[in-house]
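Trainee: Chains A and B are the protein sequences, given in the same order. Its first residue numbered 1, the first sequence is counted upward by one per residue in UniProt numbering. Its first residue numbered 1, the second sequence is counted upward by one per residue in UniProt numbering.
Rather than coming from a laboratory, the hints here were simulated on the basis of the structure. A portion of the hints provided could be inaccurate.
Unchecked claim - If you anchor each label on the Cβ, the simulated ranges turn out as follows:
1. 117(A) x 288(B): 48 to 58 Å
2. 160(A) x 3(B): 43 to 53 Å
3. 293(A) x 326(B): 45 to 55 Å
4. 186(A) x 25(B): 31 to 41 Å
5. 98(A) x 3(B): 44 to 54 Å
6. 22(B) x 113(A): 35 to 45 Å
7. 25(A) x 281(B): 35 to 45 Å
8. 106(B) x 150(A): 37 to 47 Å
9. 160(A) x 151(B): 48 to 58 Å
As the list claims (entries may be wrong) - Here are the simulated DSS-like pairs of lysine-lysine, each with C-alpha atoms no more than 30 Å apart in a straight line:
10. 293(B) x 47(A)
11. 58(A) x 105(B)
12. 293(A) x 281(A)
13. 47(A) x 117(B)
14. 117(A) x 206(A)
15. 58(A) x 116(A)
16. 304(A) x 318(A)
17. 47(A) x 116(B)
18. 105(B) x 206(B)
19. 47(B) x 58(A)
20. 58(B) x 293(B)
21. 117(A) x 117(B)
22. 277(B) x 293(B)
23. 281(A) x 117(A)
24. 58(B) x 105(A)
25. 318(A) x 281(A)
26. 47(B) x 206(A)
27. 277(A) x 206(A)
28. 277(B) x 47(A)
29. 47(B) x 116(A)
Unchecked claim - Far from chain B by the CB rule (all over 12 Å, computed), these chain A residues:
30. 26
31. 186
32. 236
Don't be surprised by glycine CBs; every beta carbon is placed ideally from N, CA and C.
2 protein chains.
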Amino acid sequence: METYISLAHGDGGELSHRLIRDIFVSAFGDKNAVMFDAAAITMATHKIAVTTDSFVIKPIFFPGGSIGKLAVAGTVNDLAVSGAKPAYLTCGFVIEEGFPISNLKKIVTDMANEAKKSGVTIVAGDTKVVERGSADGVYINTTGIGVYQPEIGCSLEFAEGDAVIVSGTIGDHGIAVLTARGELGITAPVNSDCASLNNMLEAILKDTSGIKIMRDPTRGGLATTLVEIAEDFQLTINIQETAIPVKAEVHGVCDLLGYDPLYLANEGKAIIIVSAKEKDKVVEILRKFPEGKDAAIIGSISSKEKGRLLLETPLGAKRLLTRLSGTMFPRIC
Amino acid sequence: METYISLAHGDGGELSHRLIRDIFVSAFGDKNAVMFDAAAITMATHKIAVTTDSFVIKPIFFPGGSIGKLAVAGTVNDLAVSGAKPAYLTCGFVIEEGFPISNLKKIVTDMANEAKKSGVTIVAGDTKVVERGSADGVYINTTGIGVYQPEIGCSLEFAEGDAVIVSGTIGDHGIAVLTARGELGITAPVNSDCASLNNMLEAILKDTSGIKIMRDPTRGGLATTLVEIAEDFQLTINIQETAIPVKAEVHGVCDLLGYDPLYLANEGKAIIIVSAKEKDKVVEILRKFPEGKDAAIIGSISSKEKGRLLLETPLGAKRLLTRLSGTMFPRIC
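Same shape as in the complex, but just chain A (with noise of 0.2 Å):
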């Protein structure tokens, strides 16, 4: 097989034939003898969720993850977090001309060691090569198919009260990632928290009820994502500072160059909002989880003012929150 990825490996020709037998076929497996345009599935219900994610992320490969990992697992998030079961994923790769067909084995075995994990199949796939120049490596979109499971969800029906829970330290992915860039100028010992989430989130749908909304803060970060849901079902969400898990090596880093972990991104982390009644045993059934070993009751719901993140200092000041604004950081993801 050739090392590097040229212009013909994108022309729909026999090099292109060879690159999708070899590499993905080999990699995802073919669930059909043939390889069509479109693949045939079939679904457990009516009712499905969809969502669809690229992944532009620089470098490709950082500590904790790949961008192969990554593309498996934020689409496999995507789709937890609305409540559905993720079932399959397509993939659509934009190559540079010149990329190293090792490192792309390498993202695909990523790929689908993570689609294993995850209980998810790659179902459909398509790789465009461009020339040196057009693309930095490697973009990955990948696009998921999920079921939602009858008796199970989020009832978005929310009240004062409800507690707001993230299921691990935040920021991870975010220092990991800029500091393996080598830009910052220093080094940290912090590995992105990238991991699919489902089969954690699909133990506190199926063991508690209560369950209001979860998200998952990727770019935007904690802040963001709560922007978003407050102004979305117009909530006033109090957190505390003192509460939100983070780590002492994110801490420091945030301290030295004055970033906010609160707007950094995560890959593997969740927004969960439920009721008081249910909030310990979810904390509780989150922390039997790897990825949910970290997680915290960060907040609650008042409904006093409408459409608010409100952050509870160390001092007991309270400063409102906005979404992020003006570029931290590109390609984070």
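Model the placement of chain B on the given structure of chain A, informed by the hints.
Mentor: The following block gives chain B in isolation, referenced to the frame of chain A:
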């Protein structure tokens, strides 16, 4: 609104929010009051078709279409040739910093128009922004979900004498795009055939029986797609050069530059293999549609030799055709 895309349009914060609201939601409509991580859709059946495609075409606007029109029609066609009725699309954008927002609006409008024409709904989207020089304008992934209809479909059961039909002139897209780049040093009055074929293909599936397979000859052209069918199903396919519809202008450019129209990309053509008995009826129906007005029977299936595509030349010689090998043209779709 801003004039150019900046990195902040991709950071998941305030500018991303406004871009989605002002460009995408306003064009595609917002099915849910709130934009979630995943769109909930209800399918008419449990058996669905899924396909994905990334579009990196250069230039993004060309005679007869744009990357937006193509991104919808291309994926609609992949579903339609599989025998499914296209229902939902997702779209993922990778945009280069500095890209004019006016162009993005044009692209999104083209997508909305083509979606309306083909009867599909765009249900989920994603936007990533990469630094100047890390992409060439804009790349779009679309993933399509279609519904298999009971009693309608392709049998995949081939017999000697089955007819090979092409729904119109070949090579139009390839020549339109290549001349639009201005690199050939010539101009040609050829429009891309870029179009959604689902309504036309549904008509032949509904009104005839005996359709064996349908495929769209995009990258790699008519010859590559027929070689794939021949190999996948171990058929010998015979086609007659004089029967293949090619526009005079396309012939002209090919003769001048040494291209073979059999290997040029098409974006609004289908290959249909049908029983000998039904072939005339299929052509008759195809010709009722503007996209099918030049439909023609170009060959037939024999089982004398397995897995081969043979071209009968005007002088009666038979030439063995293989897949496209070596890049003719990158970024044709």
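Trainee: Taking the hints in turn, state whether each one holds.
Mentor: How the hints compare with the structure:
no.	hint	result
1	117(A) x 288(B): 48 to 58 Å	holds, 51 Å
2	160(A) x 3(B): 43 to 53 Å	holds, 44 Å
3	293(A) x 326(B): 45 to 55 Å	holds, 53 Å
4	186(A) x 25(B): 31 to 41 Å	holds, 40 Å
5	98(A) x 3(B): 44 to 54 Å	violated, 33 Å
6	22(B) x 113(A): 35 to 45 Å	holds, 39 Å
7	25(A) x 281(B): 35 to 45 Å	holds, 37 Å
8	106(B) x 150(A): 37 to 47 Å	holds, 43 Å
9	160(A) x 151(B): 48 to 58 Å	holds, 54 Å
10	293(B) x 47(A)	violated, 39 Å
11	58(A) x 105(B)	holds, 28 Å
12	293(A) x 281(A)	holds, 14 Å
13	47(A) x 117(B)	holds, 25 Å
14	117(A) x 206(A)	holds, 19 Å
15	58(A) x 116(A)	holds, 25 Å
16	304(A) x 318(A)	holds, 14 Å
17	47(A) x 116(B)	holds, 23 Å
18	105(B) x 206(B)	violated, 37 Å
19	47(B) x 58(A)	violated, 38 Å
20	58(B) x 293(B)	holds, 28 Å
21	117(A) x 117(B)	violated, 40 Å
22	277(B) x 293(B)	holds, 21 Å
23	281(A) x 117(A)	holds, 25 Å
24	58(B) x 105(A)	holds, 28 Å
25	318(A) x 281(A)	holds, 28 Å
26	47(B) x 206(A)	holds, 27 Å
27	277(A) x 206(A)	holds, 16 Å
28	277(B) x 47(A)	violated, 40 Å
29	47(B) x 116(A)	holds, 23 Å
30	26	holds, 18 Å
31	186	holds, 22 Å
32	236	holds, 17 Å
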